[in-house]
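Asker: Below, each chain spelled out in residue letters.
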Amino acid sequence: QQPVQSPQAVILREGEDAVINCSSSKALYSVHWYRQKHGEAPVFLMILLKGGEQKGHDKISASFNEKKQQSSLYLTASQLSYSGTYFCGTESYNNDMRFGAGTRLTVKP
Amino acid sequence: DTGVSQNPRHKITKRGQNVTFRCDPISEHNRLYWYRQTLGQGPEFLTYFQNEAQLEKSRLLSDRFSAERPKGSFSTLEIQRTEQGDSAMYLCASTLMAQTGAAETQYFGPGTRLLVL
Chain A
6 QQPVQSPQAV
16 ILREGEDAVI
26 NCSSSKALYS
36 VHWYRQKHGE
46 APVFLMILLK
56 GGEQKGHDKI
66 SASFNEKKQQ
76 SSLYLTASQL
86 SYSGTYFCGT
96 ESYNNDMRFG
106 AGTRLTVKP
Chain B
18 DTGVSQNPRH
28 KITKRGQNVT
38 FRCDPISEHN
48 RLYWYRQTLG
58 QGPEFLTYFQ
68 NEAQLEKSRL
78 LSDRFSAERP
88 KGSFSTLEIQ
98 RTEQGDSAMY
108 LCASTLMAQT
118 GAAETQYFGP
128 GTRLLVL
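So the protein lines, in turn, are chains A and B.
The letter at position 108 of the first sequence is residue 113 when you use our numbering, and the numbering goes up by one with no holes.
The letter at position 112 of the second sequence is residue 129 when you use our numbering, and the numbering goes up by one with no holes.
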């Protein structure tokens with residue numbers, strides 16, 4: 006039931022792009038994306054409610070393919086502040102919520 | 018600060034003792050979640066409430082764990098006869114579930130870090 010995230014870890018240079026994927030074996034109602042810094046609670050990034058929806062702010066965006074039960078998070082022109090662990094949370098149609106194991110992103114100067 | 022508070026922030030206890038954590042969600046939020054997170058892992062679902070009703074419990078939640086949300090506002094999570102494997106960060110999150118069933122943002126509290134010796 007836990008969604009699967011890939012890759013598990015990625016190292017970037019400032020300015021490079023990254024894609025983090027999240028897939029589920031269950032039909033999804035929504036996908037949430039969070040970033041967590043070490044020692045802190047997760048912080049909301051965005052929620053996608055409709056199949057095919059793509060949302061974003063700044064240089065972070067995400068897409069949701071409801072048919073494939075997949076979501077991808079796109080980070081473009083990465084900044085040092087993007088470093089952290091990114092989690093996807095998937096919500097099924099009975100409103101339960103499950104989180105992936107996370108993708109550790111490190112942005113180096 | 019997301020508006021969700023948790024107390025205490027840290028708890029050290031001896032194996033076999035009982036502990037209770039409190040979560041105060043954002044006041045207008047009708048849904049409240051409890052998660053457990055261990056180092057390097059994503060939040061692990063424990064249970065959630067819609068107002069005062071506990072709608073789902075994870076199978077991971079043993080009979081030593083109990084949660085309440087008596088008035089549909091704050092919630093408590095109690096762990097009885099703690100074991101070393103219970104050591105983790107316990108996170109609370111709240112959200113406003115609209116009548117349409119559409120979920121809104123989950124706001125996480127800072128968590129309670131439990132260490133069982």
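In case anyone wonders, no lab produced these hints; they're calculated from the structure.
Using N, Cα and C, we set each Cβ at its ideal position, and we do this for glycine too.
A few of these clues could be false.
Claimed, not checked - Label-pair distances were calculated between CB atoms; the ranges are:
1) 64(A) <-> 69(B): 40 to 46 angstroms
2) 55(B) <-> 19(A): 29 to 35 angstroms
3) 6(A) <-> 47(B): 22 to 28 angstroms
4) 83(B) <-> 7(A): 44 to 50 angstroms
5) 43(A) <-> 25(B): 16 to 22 angstroms
6) 82(A) <-> 35(B): 47 to 53 angstroms
7) 19(A) <-> 90(B): 40 to 46 angstroms
8) 56(B) <-> 114(A): 34 to 40 angstroms
9) 84(A) <-> 70(B): 41 to 47 angstroms
10) 76(B) <-> 19(A): 29 to 35 angstroms
Asker: Each of the hints needs a verdict: does it hold here or not?
Answerer: Against the structure, the hints come out as follows:
no.: 1; hint: 64(A) <-> 69(B): 40 to 46 angstroms; result: 42 angstroms, holds
no.: 2; hint: 55(B) <-> 19(A): 29 to 35 angstroms; result: 31 angstroms, holds
no.: 3; hint: 6(A) <-> 47(B): 22 to 28 angstroms; result: 24 angstroms, holds
no.: 4; hint: 83(B) <-> 7(A): 44 to 50 angstroms; result: 24 angstroms, violated
no.: 5; hint: 43(A) <-> 25(B): 16 to 22 angstroms; result: 21 angstroms, holds
no.: 6; hint: 82(A) <-> 35(B): 47 to 53 angstroms; result: 50 angstroms, holds
no.: 7; hint: 19(A) <-> 90(B): 40 to 46 angstroms; result: 44 angstroms, holds
no.: 8; hint: 56(B) <-> 114(A): 34 to 40 angstroms; result: 26 angstroms, violated
no.: 9; hint: 84(A) <-> 70(B): 41 to 47 angstroms; result: 43 angstroms, holds
no.: 10; hint: 76(B) <-> 19(A): 29 to 35 angstroms; result: 43 angstroms, violated
Comparing the model with each numbered hint stated earlier shows that hints 4, 8 and 10 do not hold.
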